[in-house]
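4 protein chains.
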Amino acid sequence: MKAIGKTKKGPGIEVFDIAEPEVGPEDVLVRVRASAICGTDLHYYHWDGYAERHNPGFPRVLGHEFSGDVVKVGDNVKTLKVGDRIAGETHIPCKVCYLCNTGRMHICKNMKIFGVDTLYGSFAPYTVLPEITAVKIPDSITYEEGALLEPFGVALHAICEANIGPGDVVVITGCGPIGLFAQQLAKISGASMVISTDTKEYRLNLSKRIGVDETINVLNVDPVSRVRELTDGKGADVVIELSGANVAVKQALDMAALNGKVVFVGTTQKPTEIDTTNQILYKELKVSGITGRIMFDTWYRSIKLVQNKIVDLTQVMTHKFALDDAPKAFELLDKGEAGKVLFIP
Amino acid sequence: MKAIGKTKKGPGIEVFDIAEPEVGPEDVLVRVRASAICGTDLHYYHWDGYAERHNPGFPRVLGHEFSGDVVKVGDNVKTLKVGDRIAGETHIPCKVCYLCNTGRMHICKNMKIFGVDTLYGSFAPYTVLPEITAVKIPDSITYEEGALLEPFGVALHAICEANIGPGDVVVITGCGPIGLFAQQLAKISGASMVISTDTKEYRLNLSKRIGVDETINVLNVDPVSRVRELTDGKGADVVIELSGANVAVKQALDMAALNGKVVFVGTTQKPTEIDTTNQILYKELKVSGITGRIMFDTWYRSIKLVQNKIVDLTQVMTHKFALDDAPKAFELLDKGEAGKVLFIP
Amino acid sequence: MKAIGKTKKGPGIEVFDIAEPEVGPEDVLVRVRASAICGTDLHYYHWDGYAERHNPGFPRVLGHEFSGDVVKVGDNVKTLKVGDRIAGETHIPCKVCYLCNTGRMHICKNMKIFGVDTLYGSFAPYTVLPEITAVKIPDSITYEEGALLEPFGVALHAICEANIGPGDVVVITGCGPIGLFAQQLAKISGASMVISTDTKEYRLNLSKRIGVDETINVLNVDPVSRVRELTDGKGADVVIELSGANVAVKQALDMAALNGKVVFVGTTQKPTEIDTTNQILYKELKVSGITGRIMFDTWYRSIKLVQNKIVDLTQVMTHKFALDDAPKAFELLDKGEAGKVLFIP
Amino acid sequence: MKAIGKTKKGPGIEVFDIAEPEVGPEDVLVRVRASAICGTDLHYYHWDGYAERHNPGFPRVLGHEFSGDVVKVGDNVKTLKVGDRIAGETHIPCKVCYLCNTGRMHICKNMKIFGVDTLYGSFAPYTVLPEITAVKIPDSITYEEGALLEPFGVALHAICEANIGPGDVVVITGCGPIGLFAQQLAKISGASMVISTDTKEYRLNLSKRIGVDETINVLNVDPVSRVRELTDGKGADVVIELSGANVAVKQALDMAALNGKVVFVGTTQKPTEIDTTNQILYKELKVSGITGRIMFDTWYRSIKLVQNKIVDLTQVMTHKFALDDAPKAFELLDKGEAGKVLFIP
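Going down the list, the sequences are from chains A, B, C and D. Take the first sequence: its letters are residues 4 to 348, numbered as in the working numbering. Take the second sequence: its letters are residues 4 to 348, numbered as in the working numbering. Take the third sequence: its letters are residues 4 to 348, numbered as in the working numbering. Take the fourth sequence: its letters are residues 4 to 348, numbered as in the working numbering.
Errors might be hidden in some of the hints.
Identical chains share a label here; the pair holds if one copy fits it or two copies do between them.
For lysine-lysine, the following DSSO-like pairs were computed, each having C-alpha atoms within a straight-line distance of at most 30 Å [stated by the list, open to error]:
#	residue 1	residue 2
1	K307	K12
2	K323	K84
3	K5	K273
4	K5	K190
5	K81	K237
6	K203	K312
Please keep in mind that the hints were generated in silico from the structure rather than gathered at the bench.
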C-alpha cells in the first residue's frame, strides 16, 4: 500500500509503498479514512533531536491523528468488531504499571506512542493498533471530525485541568490547532472573556473566526500589559500555554492574576528562567501541565460535545489532501499557514 | 414615601405611605431604581409560617432584589460615595463570627436578611442598607439587570458548586427565575446537554426560549426515565434542584449518574424520605446545597458575565410594574405565569 | 477440602467438604492463609433479604477478606506468578464499561462481588479469583494484616473522600471494624479531635484502645449535643457514618458544622427522613457516600501505611479461629462482642 | 522603652530606647510577652536588598512573630478588650480590595507587613497593631506557643495546600523552623514517610528529634536519587520546598512523582532555570506557592492543633533571650545553629 513517512534519516517527507501491517492477538486492523498532521510529525520532517530519540526503524509510516473502520480483529479482542468506526488514541499504555493501575494510563511509565514509537502510523490506507487505543465513535461523528478528536482531546484535557469558573478571564497563548480547539472550549466553558495570542496573522485570523474576544499579535503588542489593561490590572484567571515558546511560558506566569491558574501544554525545546518566588509563590499561582488525553474520560467528554454540536471541530480544519500531496501539505503546515491539515487516504 | 409591604399580619399585599429611612453610621441611603419580586416575598403575601418566623414588626417594606443610586452615606462609610450605582446583597453578615472570618460571610451564623429581617426593604423609592451589602455596579449594567443580580447570583453560586465539566449532561429541575438563570449558565458552562423540568407550560416555554436542549413537563413524563433515555441509561452528570418539591429531591438523586453531583438550591417545606444507601452511597454521589451568593466572589463573576454580555438577564424578566400595581404583580407571580417581575419605583 | 459456607437457604453457618476450585485462563488459584469475617457474611448467617438477592447457588463458600499465596495461574495471567503473596480485592470489575474505562472500576456497572456473587469465597484452604483482583503484597506485611487490607481499604477510601484538613474535628459514628480502622486513620490524618460513637461498651472500649479522644455511648448521651459541646457549638468538620443506623444518618447531618462534610459508608436497611433544606442546604454541607476501595489507589496507599507501620491493623483484630470453629466465631461477631475475627484455614 | 531594631542603615542589630507607640482608633496596644526571630529579620541584620526595599524609616523596632496581652484598645475596636491574650498576624490587609473581598486577605494587593513596613515591631515590651491582626488565643496556649503561631501558620498553610493523602510520601526540603513545623504537621497528616533535607547537621538533628523518617544532608547525598531509592523509583507524592535555594527548587520538581505536588514556600533570591516541559508538563505535576497564613482559616486550625496537643511547637524552639542579648541571638541564628529563638521582653 502507499504510505507517507520515512525510509531513512534526514529532513523531508516521502511517499512510498509498504506492506500492509500484521494484526497481533490484541490488535485491530483499521482502514484509515482521515488522518491529520500533528506538530509532532514535523519533527520528522525536519529530522531534529526528537526524531532521533523516537525512531523505531525504517521504513516507518508517520501519522497518529486518525479515524477509520475496523476491518480485522485479533484473537483476544473483546470490545470491537469488524465494521466499528473508531478514532485512534495515540498513547499505548502497558496496562499494568502503578499509573495504569490508578486511572492514569495516559502517563503510563512504560508508554509507547503510536506513529512515533511504532513502525505503522496512520498516513496510509491501513494501520494497526492495540484494541485499547481504538475508541469507538458514533455514526453521528464524521471521519474528519473523528481524525480531529485526538488533538481536540488535548485541548479538552487542558480545559478540564484549568477548571474555568463562570466569569473567568481566559488567555490561550498560541493559535495552533490545539490552541484553537482550546479557544473554542474556553468560549463555551463559562469564560467572560477569551484572549488569544500568536505571532502569525494567519493563525490570529483563524482565532477570530472561532470567536475569541480579543487577539494579540505578540510581535506588535506586549501581551502581559494588554491582558492587564483588559482586566482592570488584575490579570487573567486562567492562562493555558500552547505556544511552546520560552518567552510565552514567562508571560503566562506574569499575565496570570493573583491566585490564578496556569496550565502548560505546549512543549518548549529549552528550559526557562523562572522567578518562582515572585512569579509563583507570592502570587499563589496554581501551575500545572498536561499531556495527552485522560484515558478515557477525555474521550467520553469529547464525543458528547462533538455529537451534540456544542463545538464544531471542522472550524479548525483548513486543508485536505491526498497521500500523494504530502510534500505540499507538510510545507504548508511548516510555514504556519494552515490550521489542521488532513490526508484522506 | 409610597411603599409596598405589610402593615399587619395576614395574607395580601399593601401599598402605603411610610417615612424615609434613617441612615446609620455604617449605612448608605439608596434611591431604588428597580426591584424584583422574589419567591420569598410570596411568603408574606400568603402570610405563612416563614412570614411568622421572620417578622421584625410593622409597618414593613418588602423587597430585597434591587439596584439604585447611593444618595447619602453614613459617617463611617469608606468605599462608597453619593452617586455610586449599586445592587443590593441581601445577606447582612456580622463580620466577626467564625464563618465571616473564614471567607463564608454568606452563611454567617448571626446573619440578618435585608427585606426579611429588616423593616425597610426595596419596594419603595428609598431604602437603607449596610455599606458592605451595597455592591457597586459598572455603568454598562442597567438598573434592571442590576436588580436581577441577586437572584442570578444564587444560580451562579449553584453552578460554581456543581462545577460542570466539559461535556457534562446537566439537569435543572424547576423553571422559576433562578432555575432559568441556572439554565442560561449551564448552557455557557461546557454542558453537552441541558435539560429542564417543571409542571407549568408557561415556565417550560421560558426555558425553551433560553435555549435548553430538552424540557420535561413532569406532569406528563417521568423525568428520571426520560433523563436515562437521553443519556444511554447513564443519568445526568449534574443535577441542580431548584423546584423545592420533595418528589424532585428524590428524582434528582435518581436521575444522577453514578458518581454524579446533585446540588440542592430550592427550599422544601417538609423532609424527604431518602434511601441514602442506594440513592447516595452505592452511587457515590456528591450531594450538597447552597444558599445565597458567595460574598463577594459570586458578585465579581456575575458582573463580568453580564457586563461582557455572556448572559442576558433580561431574558428571564417578563413584566415591569409601578409600585401601585403591587396586587396585580403579586397575583401574576403567584399563579406561576411570570418569569421575573420588576417594580420601577 | 473443608470450607465454611452454606449448602442450603436459611439461617446458620456450616462447615462442609467441597472440591477445590477450577482455574480459568484469567484466574489465579490461592492457598488462603487468613480470612476475616465481614458484616456481609452475617447476612448469610441470618439469611436475610440481602442473602436472597445475592445467591449464586449451593454449595457456596463464604468469606472475601483474605490473604494467601498464589499456587497456580491461568494461561492469560501476566502480572502474577506462583509464590506471590496476595490479598483479595472483592470487587470484580467487567473492565470494559464506562466506569471501568474512567478509573472507577470499584463502581463498575457490571460488577460481581467475590464471595457474594461467586461460589468460591475465602473461608477454605483454596480459592480462585481473577488476576485483576489479586493484589500483590510485600513480605513485610503479614498474612493477618493482608486479610484485613480489604476492610481497612474501605476505611481509607472514606478518609480520602472526607479529605480531613489539619485541625479538623472528626466524628466517626459506629465502632465496628471499619469504624475502628477509620478512627485509626483519622488520628493520623491531621484531626485535632476524633470522636467515636456506638451503642456497645465492648466496641467503645476497642475505640478507646485505639486512642480516640472521646467516645460517646449513644444509648446514654445525645451525640449531637455532645459534639456541639466539644466544639464550642460549631459541630464537627467531618462526620463519617459507619453504623448504618437511620438515626445515626440524621445525627451525622445534625452534628456536622456549617460547610462540613458527611460521608456515608455504613449501609442502612431502610430510607431516612431527611430535611434536605435545613440539614444540608442552609448548612452548605458536602454529603457523599463511598463503597469499596478505589482500584487501585486505595490499595497502594493502604500497603504503604501498613508497611511503614503508620497504622497497626492488628489492633482491630480480637479473635482467631480454625475453620471448624465457624459457629462459635459467627455467634461472637453477631453479638457485637468482637472486633475483627479471623479464620486461619 | 527598650527595643531591638535599627536606628540607621547598614548591617548589625541594635538595642535602643524608643517611646511607646500611639494607639489609633482601629488599633490595639499590646504588652508583648514573647517574640521570635524570623528569617526576615535577618535581612535587616545583613541590611540587604530586601531591607532597602522595605524600610519605613528610623528608628524602627523589628520583630513580628509574637504574643502578648491587650492593654489598650482604640475607639472603634469591637472584638477585643483589655486583658485579652493575643498572637500577631503579620499581614495587614486593606480590607476593601478585590482579594480582601473574596476571602484572600493574606494576599491583599495593598498589603503592609507588620514589623517590616511599620515602625513598631514586636521586639519591645509594647507594640501596636490593627484589631484585625490581633488574634485571640485561649488560656491553654502559652505565650511562647503563641509567639510561634505565626511561623507555624505558614507551615500549616503549606500543608493545607499540599493536601497530603493517606499514605503519601512527603519530602520537606529545608529544616529551618518553618520546615521543622511542616515536618511535624506532615507526620500527623497521613504521610507514610516524611523525609527532610538540609545542609546543616544541627538542623537535621532537630528534624530527627521531631521524628521524621529519613533525613538527607544534601552536601553528602544526592537527594533526588535518595528519594527515588526510598520510593521504588516513583518519587515523592508531595514536596514542600522550604530552603529557598535554587538547586532545591529544581530538585523539588525532580524528586516529585509523576502527578505529584510541589509547593514552594521558601523564597529564592534569584530565578531558577526550569525545564517546564520535562519537569512539569510531561510529569503532570501540580506546582503552587503559598505565602503567609490564610486569614483566618489557618489560625483556627493552628489553635485547635496546639490546644489539643496534637503538635508541640516548643519542640522547634531552642533558645530564649532577654532583649539585651539581641546581638548574641542574631549571631546564633545567622550561623544556622538554632531552631526558633525567642525574646522575652
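Hints and how they fare:
1. For a Cα distance limit of 30 Å, the shortest separation of K307 from K12 qualifies neither inside one copy, at 41 Å, nor across copies, at 47 Å.
2. When the C-alpha separation of K323 and K84 is checked against a cutoff of 30 Å, the pair qualifies only within one copy, where the shortest distance is 29 Å, while the shortest distance between copies is 51 Å.
3. In this assembly of identical chains, K5 and K273 lie within 30 Å of each other by CA distance neither inside one copy nor across copies; the values are 37 Å within and 55 Å between.
4. For the identical chains of this complex, K5 and K190 are neighbours neither inside a copy (40 Å) nor across copies (45 Å), given an alpha-carbon limit of 30 Å.
5. Only between protomers do K81 and K237 lie at most 30 Å apart by alpha-carbon distance; the minimum there is 22 Å, versus 53 Å within a single protomer.
6. With identical chains, the CA atoms of K203 and K312 are at most 30 Å apart both within one copy (29 Å) and between copies (29 Å).
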